[in-house]
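Student: Heads up: the protein sequence lines correspond to chains A and B, in order.
The numbering of the first sequence is the numbering used here, which starts it at 99 and goes up by one.
The numbering of the second sequence is the numbering used here, which starts it at 99 and goes up by one.
Note that these hints are calculated values from the structure, not bench results.
Any given hint could turn out to be false.
Identical copies go unnamed one by one, so any copy, or any two together, can satisfy a pair.
Unchecked claim - In silico DSBU-like links for lysine-lysine, alpha-carbon gap of 30 Å or less:
hint: 1; residue 1: LYS337; residue 2: LYS280
hint: 2; residue 1: LYS129; residue 2: LYS151
hint: 3; residue 1: LYS306; residue 2: LYS337
There are 2 protein chains.
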Amino acid sequence: MSAGGTILWGVGVGPGAPDLVTLRAIATLRKADVLALPRSSDFGGSTAWSIVKEHVEPGAQQEKLFLTFPMSNDPSRVRPSWDRALAEIGARIAAGKSVAFVTEGDPTLYSTFVYLQREAPRRWPGVRVEVVPGVTSVTGVPAAAGIALADGRERIAIVPAAYGVDDADELFRRFDTVVFMKMGPQVGQVVEAIERNGLLDRAVYVAKATMRGERIVRDVREVAGERGDCFAMMVVAQKRRSGALFGEGET
Amino acid sequence: MSAGGTILWGVGVGPGAPDLVTLRAIATLRKADVLALPRSSDFGGSTAWSIVKEHVEPGAQQEKLFLTFPMSNDPSRVRPSWDRALAEIGARIAAGKSVAFVTEGDPTLYSTFVYLQREAPRRWPGVRVEVVPGVTSVTGVPAAAGIALADGRERIAIVPAAYGVDDADELFRRFDTVVFMKMGPQVGQVVEAIERNGLLDRAVYVAKATMRGERIVRDVREVAGERGDCFAMMVVAQKRRSGALFGEGET
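Construct all of the structure, not just a fragment, from the sequences and the given hints.
Tutor: Rendered as structure tokens:
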């Protein structure tokens with residue numbers, strides 16, 4: 099099946115606040131024939147839709163295609179959802195319709211779109227794939243917390259914590275700023291590592307940055323017993339060294 | 099001097115394309131009394147202004163305060179510019195005016211705003227400081243190049259290359275994706291490390307992502323002899339492992 103001329107967009111709509119959407123995202127959402135909107139359950143709402151619904155023309159004829167992707171790292175649970183999603187999107191592309199797949203944050207960074215971006219040219223030869231970058235929570239979180247992420251010569255590590263943080267001590271030694279995403283059950287282990295390395299005053303935990311229900315915790319020991327919300331992040335910005343204006347060790 | 103009630107915004111306006119500005123950035127630029135606009139020379143244009151000028155009300159009474167920051171890592175060259183900038187901004191804040199400091203990309207990530215964010219509470223007690231996050235080139239570049247930055251269990255390192263990349267081999271071993279920013283004279287050394295580690299097919303060089311003059315180089319050996327443009331980045335995304343849907347080593 100050739101999909102020449104058809105277009106598939108990955109549209110990043112930012113960390114959660116509807117006014118953190120870009121003009122290009124809005125224009126793309128309005129011109130697409132189909133809006134593909136991920137949600138984590140058949141019965142719950144779609145965060146992506148809650149961000150964009152006020153930006154879509156009321157009464158527009160475009161189709162809203164809700165696609166369910168369960169929150170899981172288990173391939174046997176995730177693959178059937180993707181098979182369904184690819185079949186649904188593929189049917190629209192085969193019919194010559196343009197599809198905008200909406201993702202929170204940015205489509206290239208830990209997003210459901212990454213898989214679609216990889217599969218599209220194999221499944222739908224000739225389809226054009228375009229990415230509209232969005233504000234990622236990696237910078238949405240420091241903005242909400244009023245801290246700098248990095249400056250000058252500082253290096254940053256971004257780590258999906260749920261897959262293991264046994265080497266946290268070394269990460270802190272080698273990187274000025276460490277961003278822990280997807281924390282799941284590892285919140286306690288991350289907090290322990292922060293405490294062990296004497297970095298409690300350099301850490302902040304933020305859940306639902308820029309969204310309703312935003313929560314900023316500056317003494318991260320308070321969340322040590324929690325399971326990380328899927329929109330939660332821990333940022334440890336050591337500020338041991340910084341830009342041209344700051345001396346070594348000056349903070 | 100108390101600056102109670104006055105507000106200083108750091109406004110991220112994205113990687114370069116005027117339509118990658120967020121609604122919140124536009125609203126903030128329109129309500130500020132003063133737009134502070136960095137540029138790299140007294141005689142050249144301001145990239146920040148070129149991004150936002152179409153979003154500001156024509157004929158608006160707000161002041162445009164151009165501030166020159168020379169491109170340099172030498173504190174003796176940079177400090178006098180900052181002293182002038184702080185004096186100029188401080189005078190507006192003392193007069194009760196709100197100031198929006200405009201930065202390309204995001205204000206918390208390698209931005210001139212980081213220094214201002216640090217100095218504001220010391221110099222102008224009571225001033226409110228707010229950050230409007232923007233699309234950073236860290237995701238603007240993968241969007242332009244049509245690649246995924248990271249997915250699933252993948253880890254990312256962000257490295258300002260001009261300060262040294264002697265440990266590039268180890269970075270490639272320990273991180274799935276390595277983003278080299280601020281490359282300056284280190285382009286050649288980065289390309290050598292990419293080649294030495296057999297990662298030429300996983301690397302892309304992008305200058306001026308999303309801007310006029312965008313340049314995407316997929317065989318990075320072509321740029322080995324160049325000095326990195328200040329808007330250039332190298333992304334090496336190994337894709338050795340990925341999300342729940344991908345097996346180890348599957349690409």
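Student: For every hint, state whether the structure bears it out.
Tutor: Hints versus structure:
no.	hint	verdict
1	LYS337 to LYS280	both (23 Å within a copy, 19 Å between copies)
2	LYS129 to LYS151	both (14 Å within a copy, 25 Å between copies)
3	LYS306 to LYS337	both (25 Å within a copy, 28 Å between copies)
When held up to the earlier numbered hints, the structure conflicts with none and fits them all.
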